[in-house]
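Visitor: Next come the chains, spelled out residue by residue.
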Amino acid sequence: MSAETAPILQVDHLTMRFGGLIAINDLSFSARRKQITAIIGPNGAGKTTVFNCITGFYKPTEGMITLTHPGGEEYLLERLEDYEIASTAHIARTFQNIRLFSGMTVLENLLVAQHRVLNQASFFSLAGILGLGRYRKAEAEAIDFASYWLERMNLIDRADDAAGDLPYGAQRRLEIARAMCTKPVLLCLDEPAAGLNPRESAELNDTLRWVRDEHGLSILLIEHDMGVVMGISDHIVVLDYGSKISDGAPEFVRNDPAVIAAYLGVAEEAVEEVEAEVQL
Amino acid sequence: MAEAVGTAIGTRVGQDSLANSVRDAIIAGLIAFLLFVVILGLKTENAQEKLILIPRIGYAVTIAVVVAVGRLLLDVFVWRARASRAAAKPLLTTRSILWLLAISWAIGAYFFIVPGAREALATSASDLFGADEWRTRTRIAVDLFGYAFMGVFIVATAMVLMLVLRRTLAGIGIGTRDETQGVLSELSTQLAPALLAIALVLPFLVVGPQQRYAIDTAIQVLTYIMLGWGLNVVVGLAGLLDLGYVAFYAVGAYSFALISTTFGWSFWVCLPLAGMFAAAWGIMLGFPVLRLRGDYLAIVTLAFGEIIRIVLLNWYSLTNGPNGISRIPRVSFFGLSFDRNAEPSFYSVFGLEYDNIYRIVFMYYVILFLALLVNFVTNRLRRLPIGRAWEALREDEIACRSLGINTVITKLSAFAIGAMFGGFAGSFFATRQGFISPESFTFHESALVLAIVVLGGLGSQLGIVIAAVALIGSSEFFRDLEEYRMLIFGGSMVAIMIWKPRGLVSSRTPSVALKERKVISAELVKEGHG
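Chains as they are written, first to last, in our numbering: chain A, 6 to 285; chain B, 486 to 1015.
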């Protein structure tokens, strides 16, 4: 297995129970380096729960999640705190319902994302209070880095506007830019195309492809927009009722009868067959 | 032609509605009279084991008149103004404001300038109602009206100035609303340096017998500004609602008092120690409340404030209980005592006559320095990663965690820094008073400081200054009115919450900008919930 396609994220036997509800049932899959892996499935299939387990917002009931950095360091994500997953393991995420710092400017949003680097540069704010040059230099660098992503995401003209003032599509782009400012190795996007018009989602596709190819980033994606999913994914995992029902390349998944059944339902005969089986 | 018709209609409508207004006001007054004649107009009293009824028609009449006049004023100046604004014919024009100005000034001046006018009215009132107590009542009423007219006078003057300003701006070509607002916000950025300049020379502005009182009031206001700025870190920036802030004020004051009386160290040594103690208590409070949000956080911090006070009250061996700690060393001028009998003292070294005012002026500059230090540090922190993390925490805690910010450390640092500033203020309070007891650290103080922060506008340093001056200053200013000043206090708070629901300075200034710093409107800034 070449380094190019070695797994960056390995999920083994992940189970998440909320009381009596089994949100995820013994799920195993892997996401490969420099690939875009999509998780799809009908509403309530447990996609966002998988994300929350990976990014540490939920502690999984069972299972193991392993992240392997390009340097070879391994992180067992289920053992890390949520903020450590972002700061140490370098996984960044966006949210289904956009979570920006709406009262702060676009630029400030991106500087908050670089908190860790800046905080160290300011000696945990002590050097900063005294106004030492080291922090000023670090801040200038952080602003340059933020500008790079703002330009790339076509937000540079609105850098000094409040994030809450941006139109919806721009807010989605800003959330991705903010996630990228944490310099992640794996980017988890929770429905990035939700609420975008067709032109915007085509632009999103280009951006994600560019990020993958130019920055060698691995992306994990939840999406309902099949145009986006089929257009850019290298690998698709399909969930239904918390279990994996299909896993493979887009072509394979598109033609998988289990997937079609989950999305479109099954033919009348099939239902009768099952009913006969359970003697209804 | 059309214009003439318009004017004719306008006049007729004007007359009609004026007659209507008067009739309406009279009816309102009558209704009020009927309502209150039973409630207030009759009083039962136990006299010689039987109940007698004392008629107090005066009360009901007063209320009826107040209601009628109030309704008439509202009708003429607010409702009709609103209606005519809808019909694009402003009633609250420059001319009407000038009239209002003249009337209020005339009435105010009559009572304030003409000696004995108040007494004359009081006497005639007591004659009219046949009871001596009406004398005092009338005095208070006249004072209240006097202050109200003074308020109207100030507001009206400000409005005229604004109008003139707008006209002037429109005249020189920048008349659009946005640009006018831009100029106004420009003016408001000049406000802070202007206030600072006033603060620096304040002790020399007032001379004569009032000087000591004026400086004492200024010290009081500055102490609350400092407390407000400290609490602003916790509530305004980090969005953590703290109802027990007075606990840190108390810890600072008691730490200072105990250290300085036990070891005899100087003010400048005890001050940072007291700040550190308060910060440590801030962290200790922070730990248990980390998981709490919103109302629950508020309740627990409230309880914490009470716990501290009750411990101070009951830990007799350390704090001397309700008797408090006395003989706390006064502040010295870099080692030179301000005492009359000390040698060498401030007076002997500088060859001055003994006068307590030197000490008070020096204290004023000490608290001014401390407050400016707090302001400087807070402003610096806002531009540092930790300050941005506080604001981000207020905006969205979950997003913070997804970006690798340790919210535990962030919250604790906000509590610690806010508590440290409170501790500084407490130390100053202890050395200023020379005596502290748990009575000074009741919930009322927490509520007052929080009111200053909320009225000023969460997160705004300048707003807190204005709010502290308004709340503390006005309660000193209206001291003669005794318990009625709480009425003014409450009324002004309600008024501010109606007109400026997010505080006086509600907009947020960004901490960094790529090209230009644009002010962020209050609607976008969140208030925090945990």
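Where hints are given, some of them may not hold.
[Claimed, not checked] Computed cross-link-like contacts, DSS-like style, restricted to lysine-lysine with a CA-CA straight-line distance of at most 30 Å:
| id | chain 1 | residue 1 | chain 2 | residue 2 |
| --- | --- | --- | --- | --- |
| 1 | A | Lys142 | B | Lys1000 |
| 2 | B | Lys528 | A | Lys142 |
| 3 | A | Lys188 | B | Lys1000 |
[What the hints assert, rightly or not] Computed spacing ranges between beta-carbons, pair by pair:
| id | chain 1 | residue 1 | chain 2 | residue 2 | range |
| --- | --- | --- | --- | --- | --- |
| 4 | A | Leu131 | B | Glu1001 | 56 to 66 Å |
| 5 | B | Glu1001 | A | Ala266 | 54 to 64 Å |
| 6 | A | Gly76 | B | Glu1008 | 25 to 35 Å |
| 7 | A | Gly77 | B | Ser751 | 54 to 64 Å |
Because the hints were derived from the structure by calculation, they are not lab data.
No residue lacks a Cβ here, since even glycine has one placed at the ideal position from N, Cα and C.
Visitor: So which hints don't hold here, by number, going up?
Guide: Numbers 2, 4 and 6 - these are the hints that the structure violates, sorted from lowest upward.
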